[in-house]
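Starting from the structure of chain A, add chain B where the hints point.
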Amino acid sequence: MRAPRLGVTLHALEEPLMTSKTSVPPADERLTSVGIGARLLQRPELGALLGAILVAAFFTIITDQFGTLAGAARWLDFAATLGIMAVAVSLLMIGGEFDLSAGVMIGTSGLLFGLLITRLDMNVWLAIPLVLAFGALIGLLNGIIVLRTGLPSFIVTLGTFFILRGANNGGTLLLTGTVRVDGLDQAPGFDAAEWLFASTFLAPYNFRVTVVWWLVLATLATWLLTRTRSGNWIYAVGGDKVAARNSGVPVAATKIGLFMTTATAGALVGIMTAVRLGSVQANEGVGREFEFIIAAVVGGCLLTGGFGSAIGASIGALIMGMALAGIPFAGWDSSWRFLFLGVILLLAVLANNLVRKRAEGARRT
Amino acid sequence: MTTTDRASTPTSAPPLLEIRYLSKFFGNVIALKDVSTEIHTGQVTCVLGDNGAGKSTFIKILSGVHPYDEGRVLMDGEVVRFSSPREAKAAGIATVYQDLATVPLMPIWRNFWLGSEPTRGWGPLRRIDISEAKRIAREELLKMGIDIRNPDQPVGTLSGGERQAVAISRAVYFGARLLILDEPTSALGVKQAGVVLKYIIAAKERGVGVILITHNPHHAFPVGDRFMILNRGRTLTDKPKGEITLDELVVAMAGGAELRALTHELQKGRDG
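As you go down the protein sequences, you meet chains A and B in turn. Numbered according to this note's numbering, the first sequence spans residues 1 to 365. Numbered according to this note's numbering, the second sequence spans residues 1001 to 1272.
Here chain A stands alone, though its shape is the one from the complex (with noise of 0.2 Å):
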């Protein structure tokens, strides 16, 4: 391991220069050395470890739950679908972007999903690419509209959501009178894809199988940002849109995927909380979108972008569950759930706020 220290030596080149007549010295006396510390810090993931580490702790010493197995698979249960959201909202805004419309992209699936299966009589085995490309086409059009406009995705993707919050509640009465599609159960292929998406592991305890899927996702997702072209187009997009255009990164194209990606994800998730229930309700999802967004925020994601890891994402939904889980636990009011929320997401923005300052340096001569 090579000295734990942030520096660079000059090599003084033989030709003197009349512009700098002090030859520069091997070390700058400037550059202090960094202490594995300080390095650590530069991990986006570091704070939401430790937070998890806490808020665990917290509730196995507070509730007799939450230490225990079947208190386990219940608050793995609410990270995973949200886990799942937020690593892929996680690479959106490292990617530098928003999507408001992530969360209610699960009731629009939903809804879609079951209306399919009941009212067309569809396979559950070709409505679920259907549905799973159409996400990516919501996501397509978030993309374009965006990069072709320069509009900030933030104000792009709220009229999305308000469109798709309309087009769900609306559609769902004009087309069932009612504000649910249930029976969905009944429809054919659904045993296979309950097995696929909502079925439970270690019997007495019941683990979800989404927290498979939710580990699997991260991993993938971790292993495109950090091992791919596509990844290091990530960050760059995100850390300086037009330093990337210079190098030849295809800004457009990445941005776009990323929107896709999001907004499949959202399908997947609309799906398996379809199949899950063997009903949608119209209003399915809303409210979500900031959940993801603050799991991401939590994980170490920069809301400027360039910054944060899947990891840390999944850490943050990590958390989130364990709240979402424990609070019921202890007896309280699941209302107090946002306040927990208000704080956390406070805490970690000042958190990341030290760590970028730290990334990005002061030296800026």
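By construction, these hints were calculated from the structure, which means they are not laboratory data. Just so you know, nobody snuck in bad clues.
Each computed EDC-like pair below joins lysine to aspartate or glutamate, with the alpha-carbon atoms no more than 20 Å apart:
(1) B:Lys1089 / B:Asp1076
(2) A:Lys241 / B:Glu1117
(3) A:Lys357 / B:Asp1152
Same frame as chain A, now just chain B:
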């Protein structure tokens, strides 16, 4: 291609870039009029001028951002006309803009390879060859005289001069034959500017033609092999090193007669 033919023996081989009576108009504004010069391999051509002299228009034409309206640009003796920065880049012309070259939050090695990452594996397993990418980035920066201890260090923690070095070494590594540097020293302190000038000489010694845009004759003179001064879109001076002194350069830059008049006026004010 040889590096021995200099401006003194122009007949043996065509220069890397030859610019003849180049003009550019924006509506009725004459941005550039009848500008001519030569850029040779392994030489630094300094383009000087005050704000609004046409420096930016000049490099934007060469880097493919703007098309030119009159005149000719010849590369290796053949007329070229770039319609996009990508085309210019493909021809071997790399432009390093002052502060738009690197992504501050990304590690040095990722910045070095950005857009051209080396990969191994196939299909979905195709991935960046990280150890190789770090090794080459380290080596290439070392060739420019910059020794990075940790290639994972974010570029933002480097000084302004070192960030220019990352951008310059990257352009040279990816086969730039002509390097255009847009005001690389303007935002830097004296010491950092000196560091960047060393990188420019390092690039030149590796056989790259360099166009250095600056409004500081003190930065241009020690590294330049040829000096072109633009004033209000026209060539004021275009001379090789040896035919012009630093004082002449300073005076020409400041608009000669105007400066003398100003000195005279200030002197009179102090006397009276």
